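Peer 1: Single-letter residue listing:
Protein chains: 2
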Amino acid sequence: MSTPLRLGIAGLGTVGVGVVRIVRTHAEMLTARCGRPVEITAVSARDRSKDRGIGLSGYTWCDDPVALAVREDVDVFVELMGGSDGAAKQATEAALAAGKDVVTANKAMLALHGQALAEKAEARGRVIRFEAAVAGGIPVVKALTEGLAANRVTRVMGVMNGTCNYILTRMEKAGLTYEEAFAEADGLGYVEADPTLDIGGIDAGHKLALLSAVAFGARPDFDGIRLEGIDKVSIEDIHQAADMGFRIKLLGVSQRTARGLEQRMQPCLVPASSPLGQLEGGTNMVVIEGDAVEQIVLRGPGAGEGPTASAVMGDVCDLARGYRVPTFGQPADQLETVPAAKSSLPAPFYLRMTLKDKPGALAQIATILGASGISIDRMRQYGDSEPEAPVLIVTHKTTRDALDEALGSMAGTDVLVSTPVALRIEEV
Amino acid sequence: MSTPLRLGIAGLGTVGVGVVRIVRTHAEMLTARCGRPVEITAVSARDRSKDRGIGLSGYTWCDDPVALAVREDVDVFVELMGGSDGAAKQATEAALAAGKDVVTANKAMLALHGQALAEKAEARGRVIRFEAAVAGGIPVVKALTEGLAANRVTRVMGVMNGTCNYILTRMEKAGLTYEEAFAEADGLGYVEADPTLDIGGIDAGHKLALLSAVAFGARPDFDGIRLEGIDKVSIEDIHQAADMGFRIKLLGVSQRTARGLEQRMQPCLVPASSPLGQLEGGTNMVVIEGDAVEQIVLRGPGAGEGPTASAVMGDVCDLARGYRVPTFGQPADQLETVPAAKSSLPAPFYLRMTLKDKPGALAQIATILGASGISIDRMRQYGDSEPEAPVLIVTHKTTRDALDEALGSMAGTDVLVSTPVALRIEEV
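Chains as they are written, first to last, in this note's numbering: chain S, 1 to 428; chain B, 1001 to 1428.
Isolated chain S (complex conformation):
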C-alpha cells in the first residue's frame, strides 16, 4: 500500500489551488491516514502564466485537460474546471474511458449528465466522487451514501446557495431591497457570471438533483425539480414572514411520495427558531430525515477555497484507501427512474397580494380560494395606501395544484393590482 496515489488536476482556480495546498502542506498526515502517499503529477488550466501564489514547477503542465486526464502517471482525474458540458465533460469522459477514477466539484455536469457518466465509470470498475459539488465542505454525500446507508430516507432538505442566503439575510437584517442586496452581493464577488445560476435557483437545483439521487437511489433528475428563484421575494414578504415567526429561505426539498419523487427548490417560509431558520449568510445546511435515524442536521461553509478543497480531498483520501462507493451510492444501472411528482404534498401557503380597494374585492378572493378547496388560516388587510389594499393570507394545508388553480382564477378577476406572491410554508 505504499504506492502513491497520483492526481492529475484540471482547473486551478480557487478550489484547485486549495487542493494543491493541502497535498503539499499535509503530505505526512495524508500518508498516515491513507496508508500511502498522495501526490500530484500533472496539472492543467487555461492560463499557464497566471500567478496563483503557489509553485507548480514540480508538476507536468498540460494545456489540454483531455491529455492530462488520460496520462499514464495519473490515477485520479480531479476535475475542477466547471461547466456542464465542453472541456470538463470531455476530459471526464476521457479519464473514465482510460480507467481513471474521477473526483469533481462540478454539480452542473453531474446533475445533467451524471447518470451516463456514472454508467461509463462503472463499466470500467471506476467511480466518480463529488462531495465538493454539494454543500461545499459538508460531508453530506458521504453521510447519505455511507453513514446513513441503512436508512430509508424520507425527506432531504437543504439551503445550499450561499449567495441567495446572503441576499435574503441582508434584506432582513439591513432592510435592503432585493435589488440593493443583490448589488451588494455582486460587488463582493458572490454572484456567478450568469446571475440566474444563483438567484434563479439553478445552482442549488443542481445540488438538490444530486442529493435526491443519493438519498433515494433514483437517477438524477434536474428537469423534475420545481424551480423558483428568489428574485420575486420582496422586503415586504420578509417583514410579514418575520412578524409571524418565519424566515424566508431558498430551500431545496426532496421527498418520495406515492406519486413519485417530489423535488422543489424555491423560496419557502421556515420557522425562525428552527436550525434552517437560524442559518445566516453563506453557511449551508442539509437536513436528512430517515426512518431509523430520525433527523440529522449538517451545517458548514458552502463554498470557498478551504472548505471545497477539504471535500475534494476527502474523496481523494477514500480513493487512496481503496474505497469505491458507486457514484450515486449504488450501481448506476440499478438506480430507479422515479417519475417527477411536482406538487403533490400539501402544505400551508403564504399569499401576499394587493387588491383594488373596492367593495367585495376581498370577498371575491376568499370565494375563489374556497372554490379550489383552500381554507384560510388567517387573512388580514393592512397598510393604508388607498386606493390599493395590501392583503396577507395564510392558508391551511393545500396542494400547489389547488393553489395554482386558485391563482389562475384570481388572474381572471379585475380586483388584483399585481400578481400575488405565493410561498410555501415548509414544516421543518
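Hints were generated in silico from the structure; no laboratory data involved.
Since this is a predicted model, take the numbers as computed values, not measurements.
Note that CB positions come from ideal geometry on N, CA and C, so glycine has one too.
Fair warning: there could be bad hints in the mix.
What the hints assert, rightly or not - Pair ranges (Cβ atoms, derived):
(1) Q1381(B) with A242(S): 34 to 42 angstroms
(2) E280(S) with W1061(B): 53 to 61 angstroms
(3) E192(S) with D1404(B): 51 to 59 angstroms
(4) K1397(B) with M244(S): 38 to 46 angstroms
(5) Y1382(B) with G383(S): 44 to 52 angstroms
(6) E1192(B) with A272(S): 29 to 37 angstroms
Once you have looked at the hints, place chain B on chain S.
Peer 2: Chain B only, in chain S's frame:
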C-alpha cells in the same frame, strides 16, 4: 460480491433489537447499497425467554457471547452488551483473535481499552467500528476519519449526553431545581442505573476520549480529561447566564495545544444564539473545526433504538462493502501519545459566590483575583438577602490554573459563605 456478510449480535436490548429490525425490513435495500446481502446468523443475550417483540427463531442462539464471537458462520461480531470490562471485552477479544471485524456501541470499553483492542484487531488485519458509541445517530466518526480526513483538526466540541442536556433544559424552561429536574429525568427512564455516569460527565467523557482520538490521531486518553459533572449547576446560574445571553451546557472540548492535548468535559457557558446554545433536550451536537473546512456542525438524536441502530448498521454497511478504515482513522501503532494539558487554554470565566455582607469583602475578592493576574470584565452584587451578598463576576480571559490559584486563596479568607461556582465561557 454476492457472498452475504454474516453478523453475530451479542446484546438484544433496545439497540440490538433495532439492528435486527433494520436487517429484516431493509434486506433488499441493503443488498442494493452494499452489493451483497447482510444477514444475521447468531444472536446472544442474557435472557433467552424474554419477549423482545421480534422473532429470533431464524438465528442460532448462543448463551455465551464468547462462543458466538468465534463462530465460523460469523464475519462481524456486533457487540451491544455494554460495560467496559467483563463479557463485552472478553467476547470482543475473542472475536478479534478469531479474525472477525467488530462493530460496537460500547464507549466505555473503547475509551478505556480501545488502544489495546485496536492493536489486536490490526494485527489480524481487522477493524473495530464504533460510530454508535459517539453521539448516537450522527455519523461523526465517519466525518472525522473520512470526509474531513484532509483536515488538521484544530478543535472538536460536543454536547453528547442527552440526559444532562435534558436536565439543564428543563431547569431553564420550567424553572426546576437541579434535584427536581433530575427526578423528572429519572422518572422518564433517561438516567443510567449508576447516575454518576450521566450527571458526572463520565459517559460524555468516554465519547470525548474517542472523538479526540480520531480527531487528533492520538491514543484515546480518558484519564487525561478534565471532568466535571452538572450536579453543581444551580437554577441561579442558569438564570444569571441567560441574563447575559448565555446557556449552560455540559460541553466536551478537545484541542491540541503547544503543551499537549487539552480535553475538557464540564458545564460551560455558550452564547444562547449559537448552534450549541440552541440545542435542547436529548439532541446531540458535535462541532468540528479544521484548518481547511473551517467549521462543521452536526446535530442529531443522541440515543434511542432507531438512531443508534442506524449508526451500527452504517458501520456494518462499510464492512459489507469491504471498507476497513483503521479503528481510530490510522493504524493504532501510529497513534501519538500526546501528553494531557488539562488547563492551558485561557478563557473568560463566570464566577458566582455568596459573600458575608461586611465591609471590604468584595474588595478582598477583587484583590485576590488581581494577585492571580485575573482581571475582571464585570462584577455585580445582587439580591438583598442580608447578611449575605450574592456576587457575580465575569473575568477577562485567564487560565484555569490561575483561577484555581485564586479560588484557593479565597477559600483561605473568612468572607465566603459557600464554595464559589466557576464555569468556563467557551468561545464557540
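Peer 1: Enumerate the violated hints, using their earlier numbering and listing them in ascending order.
Peer 2: none
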